[in-house]
Amino acid sequence: MSMQKAVDNSRSSNAGLSMDNQEKLLADALQNVRQHAFAMKRVLDQQSVMEGLKHAANMLGELRTSLLSPKNYYELHVVVVEELHHLELYLTDEFEHGRGSHDLYEVVQYAGNIVPRLYLLITIGHVYIRANELPRREVLRDLVEMCRGVQHPLRGLFLRNYLLQCVKSLLPDTEEENQEATKTGTILDSLDFILLNFSEMNKLWVRMQYQGHTRDLQRREQERRELRILVGTNLVRLSELECVNVERYKTIVLPKIMEQVVSCRDSIAQEYLMECIIQVFPDEYHLNTLNEFLKACRELSASVNIRNILISLIDRLTAYSTRDGSQQNIPENIQLFDIFSEQIAEVVKSRINMPPEDIVALQSALLNLSLKCYRDQFEYGNKVLENTRKIFDNIALDTQVQTGTPAAKELVKMLKIPIDCYDILDVLKLNHYKLVLQLLSYRERHTVCMYIINSILDKETIIPTAEQVTQLFELLLTLIIDQTDSALETSRQTITNEDFVEEQNLVARLYNNFQAPNDPDQQYHIIKICQDTFKNGGLERMRFTYPPIIMQAYALTFRYKNIREQDEKWEKKCQKLFQLCNQLINTLTKLETNDLPLRLYLQGALAASEIGSENAETIAYEFFSQVHDNEKVLACLKKATKLTTQIMDQSVQVQLYNELLNTYIYFFNQNLPDIDITLLNSLIEKLQNEMSKISSNENDEFIRNQIQKTFDYLRQQSQLEKFQGLQINN
Amino acid sequence: MLVLVLGDLHIPYRVSGLPHEFRKLLTPGRIQHILCTGNLCTKETVDYLKTLTADVHIVRGDFDDNPNFVDQKVVTVGQFRIGLCHGHQIVPWGDIESLSMLQRQMDVDILITGHTHKFEAFERDNKFFINPGSATGAFNSLNSSTTPSFVLMDIQQASLTLYVYQLINEKFTVERLEYRKA
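Protein chains in written order, with full-length UniProt numbering: chain A, 1 to 730; chain B, 1 to 182.
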């Protein structure tokens, strides 16, 4: 059989690419491969090397096809390589037993077609190097150059990939030549090898873009993406070489890679390879080559998505800087914030069509960097927030970012970063935070506010001063008062709207975290501020926000009482608190629905009596406080009674009368002046009248029993002198 | 059979939520029943309890938003009839005699009440009285300070083991009591 050299010049594009056709083509090719491989193995068993090579060449001929899609070509390639491995093992074995043929490397150069020829050369070259038949350095150079003979992108890529895999363990990774064998090469030779292989592979890969009809462009680009790992493997191999250090990376490796990346002007390649570089090489390398890398970024093709590349790099270095919990990993002279901040500004300036959401995403990455790497220096975070606001002001001053847009989404993500990194007290130090929050429309502001409150509650953060409460309210205004840009939403602010209820309950829960545990006066300030703020929210919000204020005010009177020895104004303060509560509860009574105001009054009465009753220090104090407190108690009770008369539901009303009566009895027993028998009698009479009106179902049965018990108790007590004049009939 | 007994949470009117030490303990799938003395006060808390177990019994407290809770309930677990009532209706509040009367009237072996925000567990006339206190340590006009507490009952036929969980000065403590039905 004659073997002739031939140059592969089949640049014709793929034909007949329908799905069924592909399946059949692949199946046929695989069958041929298996047949040739079988024949090859059989003759090798009989020690016929030359025959073996012929069959191998035939098998490799299947890889000459132009008809398979990349995915299918890959499948074919895998099987061929597997079978080729048998040849490799056979030859290696022969050499180990001293039976190796010495001229195979020459012989295969006469193989008819270039694709089989090169695969055989690589395989045999690999074996010969390991067997010390040929000098490593020469052969490697030879092979990487000869592969230029295959210029068809798909075939070329897989061929060079095979080359790279084969020589994996052969690449010299030493500073100096190995003394025992000659011409083994050094790390520099490996770098040359891989960088050349990489360059050539990238060129082939880029060429695929232009192969074929424009209508198939999308499919081709997808196919290219499927193959990208073939090119990327070169970079991975570079990163695995031990003798590559920062210096070599900076002076040899990176510049060569960049040269290829920038000059190819292909956006798919540029996007992938820049990303690959970031992921594959260690962070120390990136730190030392930031300027070079960023310069290359600026030279990338206009359609490259530079946003993701930069964010990838920033995030990676941010993670590196805070690894192991320390912030020490970045050397002093590398000011990451300045470098990236400048870089982002450049990029934004040069790409005038960059959509706003991309700009925000870049700012977010920078914000993340600021908060993590410069934890206690709030000016960095503030700067980013300020710049973000400026960007939008430049686009359109005082205009909100439209709801639901990608820009709005990115802004929300950005605003969540400080909330996640810090606790709210530190977030409040970022005074430009609200500038960015104001950019958003109602829905997004709402989302961010809810997120803030939930974060505070989850972290159980206490907000201890009135000033901080005020600052926090500036951020949460969207939930606290009606918003002009939620015109549609206002009608849904009722207790029947679950979302509204959930939201206001959250605000109420938050209120309980406003605590100044060692400073009652500060607590009082907080209460005042909250009242001033919440009163602008409308009655429907006050329903939720007032009760916690009132309860906290009552609790505060107890605190004042506890420090009465240090604070001579304690009683005046308590009085002010009760007045405040009175005012607040009054407002709540305008909501007709429930008995909450009534309950709050009763609580007030209790608190007032508790505060007053134990205060027996001096007579003047006692008298003074008793009078005030008793007035308070009576006022509360009177209010409570009045409210009860307005209750619609009979059973509820009767029950309340019973509870009221018991409360009056309690205070009567406490010898509260102004609560006398006549008062009790009138209430008893009222109760007896109302009792007859209620039904006899199970729950009301319970109420009856309770009332009965009250009457029983009273009858018992009526024997006592104190209760003389009590009118209680059966 | 594990029964969680708690109440007087007063979320959000007096506190922002359960202490995280308690929240960590209360995970779904470990408790069979919940008996709640009331004053939760909102639907949010009811929903939270329902995530812990399906069988939740709640009675009405004076600050509960939901007007439809009943005032008293009897639940049988093992060989115990257990009565549940918030207690603001029983005057004088927390008075032993009044509680005994309620226990007799409801004809229960165990009476559970709340309202005072003070943990109690005692035996009287061979009946057991429990007050789980306030699970959040909410403010109460009757006491100047409240310790967060709740109770877990382990009921096996006729024997009851009570675990009391409290946060005393921010320290987490557990106590154990036993009771046998006569």
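Watch out, some of these pointers could steer you wrong.
Stated by the list, open to error - No farther apart than 16 angstroms at their CA atoms in a straight line, the calculated lysine to aspartate or glutamate pairs in the EDC-like style are these:
hint	chain 1	residue 1	chain 2	residue 2
1	A	Lys41	A	Glu51
2	B	Lys24	A	Glu498
3	B	Lys73	A	Asp499
4	B	Lys43	A	Asp499
5	A	Lys459	B	Asp125
What the hints assert, rightly or not - Chain B stretches covered by chain A per the calculated footprint, using a threshold of three residues with CB under 8 angstroms from any CB of chain A:
hint	region
6	66-78
7	91-102
8	108-114
9	137-143
Said to hold, decoys possible - Estimated spans, in silico, between C-beta atoms of each pair:
hint	chain 1	residue 1	chain 2	residue 2	range
10	B	Asn68	A	Lys569	37 to 47 angstroms
11	B	Glu175	A	Asn497	24 to 34 angstroms
12	B	Asp107	A	Gly725	29 to 39 angstroms
13	A	Gln716	B	Pro19	18 to 28 angstroms
14	B	Asn68	A	Arg323	24 to 34 angstroms
Read the hints as simulated data drawn from the structure, not as lab findings.
Just so we're clear, the structure is a prediction, and the values are computed from it rather than from any experiment.
Even glycine gets a Cβ: it sits at the ideal position worked out from N, Cα and C.
* Go ahead and decide if the range 37 to 47 angstroms is satisfied by the Cβ distance of Asn68 (chain B) to Lys569 (chain A). => holds (46 angstroms)
* Three residues minimum, CB to CB under 8 angstroms: does the region 91-102 of chain B make the cut for coverage by chain A? Let me know. => Coverage by chain A holds for the region 91-102 of chain B (4 residues, Cβ < 8 angstroms).
* Could you check the hint for me, namely that Gln716 (chain A) and Pro19 (chain B) are 18 to 28 angstroms apart, CB to CB? => Given range 18 to 28 angstroms: violated, Cβ gap about 42 angstroms.
* Asked: Taken at face value, is the distance from the CA of Glu51 (chain A) to the CA of Lys41 (chain A) at most 16 angstroms?
  -> holds (10 angstroms)
* To do: For the range 24 to 34 angstroms, tell me whether the beta carbons of Glu175 (chain B) and Asn497 (chain A) fit it or not.
  => Violated: the Cβ-Cβ distance is about 44 angstroms, outside 24 to 34 angstroms.
* Asked: Is the hinted pair Lys73 (chain B) and Asp499 (chain A) satisfied, with a Cα-Cα distance of at most 16 angstroms?
  -> Status violated; Cα separation ~31 angstroms.
* **Satisfaction of hint between Glu498 (chain A) and Lys24 (chain B), Cα-Cα up to 16 angstroms** => Violated - the C-alpha atoms of Glu498 (chain A) and Lys24 (chain B) are around 27 angstroms apart, more than 16 angstroms.
* Asked: That 29 to 39 angstroms hint for Asp107 (chain B) and Gly725 (chain A) (C-beta), does it hold up?
  -> Holds, at about 37 angstroms.
* **Annotated coverage of the region 108-114 of chain B by chain A, confirmed only when three residues or more have a Cβ within 8 angstroms** => violated (count 0)
* **Given hint Asp499 (chain A) paired with Lys43 (chain B) - CA-CA distance at most 16 angstroms** => holds (12 angstroms)
* How about the region 137-143 of chain B: do at least three of its residues have a C-beta closer than 8 angstroms to a C-beta of chain A? -> That given contact holds, which follows from 3 residues of the region 137-143 of chain B lying within Cβ reach (below 8 angstroms) of chain A.
* Quickly compare the C-alpha distance for Lys459 (chain A) and Asp125 (chain B) to 16 angstroms and report which way the hint goes. => violated (46 angstroms)
When held up to the earlier numbered hints, the structure conflicts with 2, 3, 5, 8, 11, 13 and 14 and fits the remainder.
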